[in-house]
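Chains as they are written, first to last, in the numbering used here: chain A, 714 to 966; chain B, 471 to 598; chain C, 205 to 320.
Think of the hints as simulated: they come from the structure by calculation, not from any bench. Treat each hint with caution, since some may be false.
Stated by the list, open to error - Some but not every residue of chain C turned toward chain B, in silico, with C-beta under 10 Å: (1) GLY252; (2) THR270; (3) THR274; (4) GLY285; (5) GLY293; (6) LEU297; (7) MET298; (8) LEU301.
To be verified - Here are the computed lysine to any residue pairs in the SDA-like style, where the Cα-Cα straight-line distance is at most 20 Å: (9) LYS206(C) with PRO884(A); (10) LYS474(B) with GLU732(A); (11) LYS794(A) with GLY826(A); (12) LYS488(B) with PHE861(A); (13) LYS479(B) with SER305(C); (14) LYS561(B) with PHE220(C); (15) LYS569(B) with ASP823(A); (16) LYS479(B) with LYS860(A); (17) LYS264(C) with LYS474(B); (18) LYS264(C) with ARG571(B); (19) LYS736(A) with GLY568(B); (20) LYS935(A) with ILE777(A); (21) LYS736(A) with ASP823(A); (22) LYS264(C) with VAL591(B); (23) LYS736(A) with LYS474(B); (24) LYS206(C) with THR924(A); (25) LYS862(A) with VAL572(B); (26) LYS488(B) with LEU289(C); (27) LYS479(B) with GLY826(A); (28) LYS862(A) with THR924(A); (29) LYS561(B) with ALA580(B); (30) LYS264(C) with ILE593(B); (31) LYS474(B) with SER768(A); (32) LYS569(B) with THR924(A); (33) LYS862(A) with ARG571(B); (34) LYS561(B) with PHE861(A); (35) LYS479(B) with HIS290(C); (36) LYS561(B) with GLN866(A); (37) LYS794(A) with GLU805(A); (38) LYS862(A) with VAL563(B); (39) LYS264(C) with TRP513(B); (40) LYS760(A) with ASP749(A).
Bear in mind that the values here come from a model prediction, so they are computed numbers and not experimental data. Here a beta-carbon is modelled for each residue, glycine too, at the ideal position from N, C-alpha and C.
Next come the chains, spelled out residue by residue.
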Amino acid sequence: MTTMTERNMKIRVTRYRPEQDDKPWDQEFEVPFNRDSSILEILGYIKDNLEPSLSYRWSCRMAICGSCGFMINGEPKLGCKTFIRDYVDAGEIHIASLDNFPIERDLVADISGFVEKLETIKPYIIREEEKPLEDGEYLQTPEELEKFKQFSQCINCGLCYAACPQFGRNPEFLGPAALALAFRYNQDGRDEGNQERMPFLNAEEGVWSCTFVGYCSEVCPKHVDPAAAINQGKLASNIDYGLNLVGLAGGKK
Amino acid sequence: MNRKPYIRKQSPTWWVNKPFYRFYMLREASSVPVFLYGLFLLWGLLSLSQGEASFAAWMEMAGSPASSIFHVIVLAAALLHAYTWFQLTPKIVVLRLGKFRVPDQWVMAAHYLIFVIVSAVIIGSSIN
Amino acid sequence: MKQFQRSHEPIAWSLFGAGGMVVAFIIPALVLVSGLILPGMESSAVFGSLLGFAQGWIGKVFIFITISLTLYHTVHRIYHGLHDLHIKGNNTLMLVLFYGSATLLSILCFAWLLVI
Numbered sequence: 714m715t716t717m718t719e720r721n722m723k724i725r726v727t728r729y730r731p732e733q734d735d736k737p738w739d740q741e742f743e744v745p746f747n748r749d750s751s752i753l754e755i756l757g758y759i760k761d762n763l764e765p766s767l768s769y770r771w772s773c774r775m776a777i778c779g780s781c782g783f784m785i786n787g788e789p790k791l792g793c794k795t796f797i798r799d800y801v802d803a804g805e806i807h808i809a810s811l812d813n814f815p816i817e818r819d820l821v822a823d824i825s826g827f828v829e830k831l832e833t834i835k836p837y838i839i840r841e842e843e844k845p846l847e848d849g850e851y852l853q854t855p856e857e858l859e860k861f862k863q864f865s866q867c868i869n870c871g872l873c874y875a876a877c878p879q880f881g882r883n884p885e886f887l888g889p890a891a892l893a894l895a896f897r898y899n900q901d902g903r904d905e906g907n908q909e910r911m912p913f914l915n916a917e918e919g920v921w922s923c924t925f926v927g928y929c930s931e932v933c934p935k936h937v938d939p940a941a942a943i944n945q946g947k948l949a950s951n952i953d954y955g956l957n958l959v960g961l962a963g964g965k966k
Numbered sequence: 471m472n473r474k475p476y477i478r479k480q481s482p483t484w485w486v487n488k489p490f491y492r493f494y495m496l497r498e499a500s501s502v503p504v505f506l507y508g509l510f511l512l513w514g515l516l517s518l519s520q521g522e523a524s525f526a527a528w529m530e531m532a533g534s535p536a537s538s539i540f541h542v543i544v545l546a547a548a549l550l551h552a553y554t555w556f557q558l559t560p561k562i563v564v565l566r567l568g569k570f571r572v573p574d575q576w577v578m579a580a581h582y583l584i585f586v587i588v589s590a591v592i593i594g595s596s597i598n
Numbered sequence: 205m206k207q208f209q210r211s212h213e214p215i216a217w218s219l220f221g222a223g224g225m226v227v228a229f230i231i232p233a234l235v236l237v238s239g240l241i242l243p244g245m246e247s248s249a250v251f252g253s254l255l256g257f258a259q260g261w262i263g264k265v266f267i268f269i270t271i272s273l274t275l276y277h278t279v280h281r282i283y284h285g286l287h288d289l290h291i292k293g294n295n296t297l298m299l300v301l302f303y304g305s306a307t308l309l310s311i312l313c314f315a316w317l318l319v320i
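For reference, chain A alone in the conformation it holds in the complex:
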């Protein structure tokens, strides 16, 4: 098997060790790479050969687990899906922890707030009455699936939160992934929990913090298009507001 002649790339990693550091600082490395090298692989090289204390999350290395989100030259990307060969012109790669989240250590972001938001919006099928097992499975047409399938592809990587300036400004904002997930369930024909999720959409911290910057959808590695979900959510919230005014909205006021 032939490989391209190995070259070196300059890597600058923003480090932060809470027990020693008051604030983040940059550490420089030079790493060999070839045409297949990903950010994840060179991070592994650094940890194995140059700096054993470097901390970062990773797992599947195939863009499905959502663990390896970093800021790469200022853009939120997955480490497993970002390749050194694309930065040859840039000459240097700067790797930092995901924007808009507190830095736990090195490249590990504190995403607990994000996880809490996902849990808050009731991300499960809600039925007024559960169908008994003997009645069989819920049937769904391709058209019914199309209404929410795209929004169900989220791998919870958090890149959209790093991208969103409204979340950056206000950490109380439920954010792209959580709102897209809420919308995903509202659009699922099997779900009857719309009214339980509307309060989340209707709040200031819900869809109304969004100003359709659209960067979330731009960076999403699974093409979920959370911006579309949120803004369709605005329409739904708007209608809900009107219905509520005339006393026709179900659930909470």
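Given the coordinates of chain A, work out where chains B and C should sit on it, guided by the hints.
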């Protein structure tokens, strides 16, 4: 547990260094010239209601060089608005006719078509 | 669990959305008219036609919708734009300043259309 998460607050110039954010701010900024144009139109309405002399004065102001520059800026802003608006609207307005989901591009194209027609009507009826 | 309050943003957003359509479809052509076409014409002739247009109910509705919705749309964007620029102020004051002025100007527009 000795945790000490480092919190980075958003800087007021968060948008300056990224082209995507800069374009977003430009899009939002397009509202300023258009707002001023709204005031300009309102002023024209007031002049109209005050009679021929007042309206003649407004028309003269509208034809001045400063006004021409203003109009160029407003036109650019309004066109930027229309371009970005037509790009975003299909994301919000999802049309389904039975099983068929109307593609985003069709919705966008329909908006451009309406834009051309309405513009033609406005310009056409004013050339009289 | 954290309590989420219903926001009143939908009122502003509805006006913003309608205004956005007006600005996109109507304003560019109007700018060409007021900037290029009208200045080349004779003022009393324009006055006559425009007055006639504004006296009819279609004209009144068109003028009101155009001016009022343009103002509400742009005022909404500017208000949120200030937030993006980290420009802070008393929120109630800002709301009154922006949406209040759009409302006031819309009322004036309505009043002036009535007397024409």
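The hints, checked one at a time:
1. Among the interface hints, the one on GLY252(C) holds; its C-beta lies about 9 Å from the nearest C-beta in chain B, closer than the 10 Å criterion.
2. The interface hint given for THR270(C) is met, as the beta carbon of that residue sits about 7 Å from the closest beta carbon of chain B, less than 10 Å.
3. Given hint, THR274(C) at the interface with chain B, holds; its Cβ is 4 Å from that chain's nearest Cβ, closer than 10 Å.
4. For GLY285(C), the interface hint holds, since its Cβ comes within 10 Å of a Cβ in chain B; the closest pair sits about 4 Å apart.
5. Checking GLY293(C) against chain B by beta carbon gives a least distance of about 14 Å; that is not within 10 Å, so the hint is violated.
6. With its C-beta approaching chain B no nearer than about 19 Å, LEU297(C) sits outside the 10 Å limit, and its interface hint is violated.
7. The beta carbon of MET298(C) comes no nearer than 15 Å to any beta carbon in chain B, farther than 10 Å, and the hint placing it at the interface is violated.
8. The criterion of a C-beta within 10 Å of any C-beta in chain B is not met by LEU301(C), whose closest approach is roughly 13 Å, and the hint is violated.
9. As the CA atoms of LYS206(C) and PRO884(A) are separated by approximately 14 Å, the hinted pair is consistent with the 20 Å bound.
10. A threshold of 20 Å between alpha carbons decides the hint, and for LYS474(B) with GLU732(A) the separation of about 8 Å falls inside it, so the pair holds.
11. Between the alpha carbons of LYS794(A) and GLY826(A) the distance comes to roughly 25 Å, so the proposed pair goes past 20 Å and is violated.
12. Among the hinted pairs, LYS488(B) with PHE861(A) is inconsistent with the structure: their alpha-carbon atoms are about 31 Å apart, more than 20 Å.
13. A threshold of 20 Å between alpha carbons decides the hint, and for LYS479(B) with SER305(C) the separation of about 33 Å lies outside it, so the pair is violated.
14. Proposed proximity of LYS561(B) and PHE220(C) is supported: the alpha carbons are some 16 Å apart, at most 20 Å.
15. For the hint pairing LYS569(B) with ASP823(A), the CA-to-CA distance comes to about 43 Å; that exceeds 20 Å, so the pair is violated.
16. Only pairs whose Cα atoms come within 20 Å are accepted, and LYS479(B) paired with LYS860(A) is rejected, the gap being roughly 37 Å.
17. Proximity of LYS264(C) to LYS474(B) is assessed by CA-CA distance (about 63 Å); at most 20 Å being required, the pair is judged violated.
18. For the hint pairing LYS264(C) with ARG571(B), the CA-to-CA distance comes to about 38 Å; that exceeds 20 Å, so the pair is violated.
19. Distance restraint check for LYS736(A) and GLY568(B): the Cα-Cα separation of roughly 57 Å exceeds the 20 Å cut-off, and the hinted pair is therefore not satisfied.
20. Distance restraint check for LYS935(A) and ILE777(A): the Cα-Cα separation of roughly 9 Å lies within the 20 Å cut-off, and the hinted pair is therefore satisfied.
21. Taken as a hint, the LYS736(A) and ASP823(A) pair is honoured in the structure, with Cα atoms around 15 Å apart against an allowance of 20 Å.
22. Pair hint LYS264(C) plus VAL591(B) holds up; C-alpha atoms about 17 Å apart against a cutoff of 20 Å.
23. As the CA atoms of LYS736(A) and LYS474(B) are separated by approximately 10 Å, the hinted pair is consistent with the 20 Å bound.
24. Proposed proximity of LYS206(C) and THR924(A) is contradicted: the alpha carbons are some 23 Å apart, above 20 Å.
25. Annotation: proposed proximity of LYS862(A) to VAL572(B) holds, straight-line Cα distance about 16 Å (limit 20 Å).
26. A hinted pair counts as satisfied when its Cα atoms are at most 20 Å apart, and LYS488(B) with LEU289(C) qualifies at roughly 15 Å.
27. A C-alpha spacing of about 16 Å is found between LYS479(B) and GLY826(A), which places the hinted pair at or below 20 Å, so the restraint holds.
28. The hinted pair formed by LYS862(A) and THR924(A) fails the criterion: a straight-line CA distance of about 24 Å is larger than 20 Å.
29. The straight-line distance between the Cα atoms of LYS561(B) and ALA580(B) is roughly 14 Å, inside the 20 Å bound, and the hint therefore holds.
30. Between LYS264(C) and ILE593(B) the CA atoms are separated by roughly 18 Å; this keeps the pair inside 20 Å, and the hint holds.
31. Between the alpha carbons of LYS474(B) and SER768(A) the distance comes to roughly 15 Å, so the proposed pair stays at or under 20 Å and holds.
32. Simply put, LYS569(B) and THR924(A) have alpha-carbon atoms about 31 Å apart, too far for the 20 Å limit, and the pair is violated.
33. Restraint check for LYS862(A) and ARG571(B): satisfied, since their Cα atoms lie roughly 14 Å apart, inside the 20 Å limit.
34. This hinted pair checks out: LYS561(B) and PHE861(A) have alpha carbons roughly 14 Å apart, not beyond 20 Å.
35. Note on LYS479(B) and HIS290(C): the hinted pairing holds, with a Cα-Cα distance of about 12 Å set against a maximum of 20 Å.
36. With a C-alpha separation of about 18 Å, the suggested pair LYS561(B) and GLN866(A) falls inside the 20 Å cut-off, and the hint holds.
37. This hinted pair checks out: LYS794(A) and GLU805(A) have alpha carbons roughly 18 Å apart, not beyond 20 Å.
38. Our distance criterion of 20 Å between C-alpha atoms is met by LYS862(A) and VAL563(B), whose separation comes to about 17 Å.
39. Between the alpha carbons of LYS264(C) and TRP513(B) the distance comes to roughly 15 Å, so the proposed pair stays at or under 20 Å and holds.
40. For the suggested pair LYS760(A) and ASP749(A), the alpha carbons sit about 19 Å apart, so the restraint of at most 20 Å is met.
This entry does not satisfy hints 5, 6, 7, 8, 11, 12, 13, 15, 16, 17, 18, 19, 24, 28, 32, going by the numbered hints stated previously.
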